[in-house]
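Student: Chains as they are written, first to last, in this note's numbering: chain A, 67 to 197; chain B, 7 to 454.
Misleading hints may appear alongside valid ones.
Stated by the list, open to error - With a cut-off of at most 27 angstroms between alpha-carbon atoms, the simulated DSS-like pairs for lysine-lysine come out as follows:
hint	chain 1	residue 1	chain 2	residue 2
1	B	Lys284	A	Lys186
2	B	Lys274	B	Lys301
3	A	Lys110	A	Lys137
4	B	Lys346	B	Lys369
5	B	Lys408	B	Lys228
6	B	Lys274	A	Lys186
7	A	Lys137	A	Lys71
8	B	Lys301	B	Lys284
9	A	Lys186	B	Lys337
Claimed, not checked - Chain B residues, not near chain A, derived (Cβ > 10 angstroms throughout):
hint	residue
10	Lys240
11	Asp255
12	Lys274
13	Ile280
14	Phe300
Said to hold, decoys possible - Selected chain B positions facing chain A (Cβ under 10 angstroms, derived; list incomplete):
hint	residue
15	Ile243
16	Thr276
17	Asp277
18	Ile303
19	Gly307
If you are wondering where the hints come from, they were derived from the structure by calculation, not from laboratory data. Everything numeric in this text was worked out from a predicted model, so none of it was measured. Each residue gets a CB set at the ideal place from its N, CA and C atoms; glycine is no exception.
The lines below spell out each chain.
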Amino acid sequence: MNDMKKKILIIDDDIDLVEAMRITLESAGFEVFDAQEGERGLEKVYALRPDLVLLDVMMSQLDEGFQIAYKIRTDPAIKDTPIIILTAVGTQTGFDFNPDKDEDFLPVQAYLEKPVNPQKLIDTVREFIRV
Amino acid sequence: MARSNKKIIELPFFTAGSLKRRLIWLIRIRWFAILAFGLGIGLGQFFPSMHIDGFALSLVLVLLVLMNGLYLFLRDRIIRNDHQRLINLMITQIVGDLFILTILIYFTGSAESPLYFFYLFHMIVAAIIFPGTRPYHFAFLAVTLYTSLLVLEWCGILPHFPFYRGSEIAGRPEIVIFNWAIFIMTVFLSTYLAQDVTNRYRRVRMRLEMTNRRLQDLNRAKTNFLRVSSHELKAPIATIQSTLTVIRDILGENVDDRVRDMADRAIKRTDEMINLLKDLSDLTYGDLRHAGNFKQIDLNGLLTEVVGDELISAQARQIEMDLTPSKTPAKMVCDPEAIKKVFRNLVTNAIRYTPEGGSIHVKLANQATEILLEVCDTGIGLEPEEIQQIFNEFYRSPTAKKLTSAGTGLGLAIVQRLVDEHHGFITVSSQVNQGSTFQVHFPKESVL
Numbered sequence: 067m068n069d070m071k072k073k074i075l076i077i078d079d080d081i082d083l084v085e086a087m088r089i090t091l092e093s094a095g096f097e098v099f100d101a102q103e104g105e106r107g108l109e110k111v112y113a114l115r116p117d118l119v120l121l122d123v124m125m126s127q128l129d130e131g132f133q134i135a136y137k138i139r140t141d142p143a144i145k146d147t148p149i150i151i152l153t154a155v156g157t158q159t160g161f162d163f164n165p166d167k168d169e170d171f172l173p174v175q176a177y178l179e180k181p182v183n184p185q186k187l188i189d190t191v192r193e194f195i196r197v
Numbered sequence: 007m008a009r010s011n012k013k014i015i016e017l018p019f020f021t022a023g024s025l026k027r028r029l030i031w032l033i034r035i036r037w038f039a040i041l042a043f044g045l046g047i048g049l050g051q052f053f054p055s056m057h058i059d060g061f062a063l064s065l066v067l068v069l070l071v072l073m074n075g076l077y078l079f080l081r082d083r084i085i086r087n088d089h090q091r092l093i094n095l096m097i098t099q100i101v102g103d104l105f106i107l108t109i110l111i112y113f114t115g116s117a118e119s120p121l122y123f124f125y126l127f128h129m130i131v132a133a134i135i136f137p138g139t140r141p142y143h144f145a146f147l148a149v150t151l152y153t154s155l156l157v158l159e160w161c162g163i164l165p166h167f168p169f170y171r172g173s174e175i176a177g178r179p180e181i182v183i184f185n186w187a188i189f190i191m192t193v194f195l196s197t198y199l200a201q202d203v204t205n206r207y208r209r210v211r212m213r214l215e216m217t218n219r220r221l222q223d224l225n226r227a228k229t230n231f232l233r234v235s236s237h238e239l240k241a242p243i244a245t246i247q248s249t250l251t252v253i254r255d256i257l258g259e260n261v262d263d264r265v266r267d268m269a270d271r272a273i274k275r276t277d278e279m280i281n282l283l284k285d286l287s288d289l290t291y292g293d294l295r296h297a298g299n300f301k302q303i304d305l306n307g308l309l310t311e312v313v314g315d316e317l318i319s320a321q322a323r324q325i326e327m328d329l330t331p332s333k334t335p336a337k338m339v340c341d342p343e344a345i346k347k348v349f350r351n352l353v354t355n356a357i358r359y360t361p362e363g364g365s366i367h368v369k370l371a372n373q374a375t376e377i378l379l380e381v382c383d384t385g386i387g388l389e390p391e392e393i394q395q396i397f398n399e400f401y402r403s404p405t406a407k408k409l410t411s412a413g414t415g416l417g418l419a420i421v422q423r424l425v426d427e428h429h430g431f432i433t434v435s436s437q438v439n440q441g442s443t444f445q446v447h448f449p450k451e452s453v454l
């Protein structure tokens, strides 16, 4: 049964948030892994081949999440991994980032704005996770 | 000090645009001068005491007409925004005028001619336009031309054209020399005075420019600080909220109701805090937005979207809300996100401060000079003295506070700011317990 569990990788440097999301997702029957920074996260994408990646935009660099998303999308070996971007940054905060426009260049499955409601997180993950 | 003054004086205060305006201004004035000269030549024929060589003068005027036409052609067609060439055209015009004027003075009696006053006009124009020593070059040229004319006539190389019949001025060297000396003084003094005034203006303008730049930098730093700090504050609050929600919704199945209640309260407060931080970053939004966000759009679409979104929360409180779109498309160049925020803040305010069973009318009108948004509610209303304050940051009227704890007091400050950025204005009319009407006026020809 354990082998059947879908694997989710959370890449986020906020360990408390990672913990909250881990409990949420485990309660919904997923197996959760995490990484606290982008490059380490990318290594885990190769090693674990997760069924979905939850990716924080702002880690040590402003757009670290986008860089990782770009690397995942441009490597044929892992490019089909579904990605959900987590962000505290929307258009209204004035950052030079606009999901409507950037979507064409960076095909990710969804943007979730923090704080993410647990049910919403589970629903979104279920919607996009690789079957 | 002297050095920095010099530096300022050497700075041209004009831009290519203002230079072009000066050029057309000079060309227009010249048309008037030509007309006035033509009339003068005609009128002069009726005064027997004046001797006017109509033919020679008319020829000079025709030459001037041709030259002015050429300047106009050059200004319009060949030279666009090339700064150096515009300056060259300006110099050509002034030098050309000085020569033509000298010829006119010659044909109107040289030393007797009153036309030498017109040299001063060019001295003042040059002193206003050009920084540095160039106006003095023109002054020197004017003096040289006028002096050469007098000397050449005096030596008999050029024949004298008397202007007033029987006048002996040309034959009396003391009068000619006295007039000439006064003329030279006047030319240089007016150049000096006109340039001195212009230099003062340049210095003030430069100081303003520097202060303005400094203020812009400071404002940018402040905005940046606000943006970064609201983001830095938001991240931990968001995590606190997620953690609390996990406690309540996932781990909390077997916990005491009181624990659940306390978690509820804490989550509600984090919600308020997150809304406040969102509003704070919205306040800085305009400062950081780039011009690319502006596009022409029909405001009816935006308003329909916003009213549609908010309809559920109106219905939840048994408030009737209707929307009257404008009869013709209300197209405007704007930042759609900003306009949506304006609409949303006004509509949610109306819902928030209207008691259950009330009604809200939202209307958009496409008028001759402006696009008018009207949000009219049957809410708690405002005292006249409150209307003055509702656009201030963090102000909430006492009645509003009593009614609901929701609301950050920043909503209308954001609305005001975004409307300002679109060169619009807001009017409010309200009666306590009757309701409020907010009108937003967007000018149609907004130059953005």
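Student: Please flag the earlier hints that this structure goes against, numbers listed from lowest up.
Tutor: When the structure is compared with the hints, numbers 2, 5, 9, 10, 11, 13, 18 and 19 turn out to be violated.
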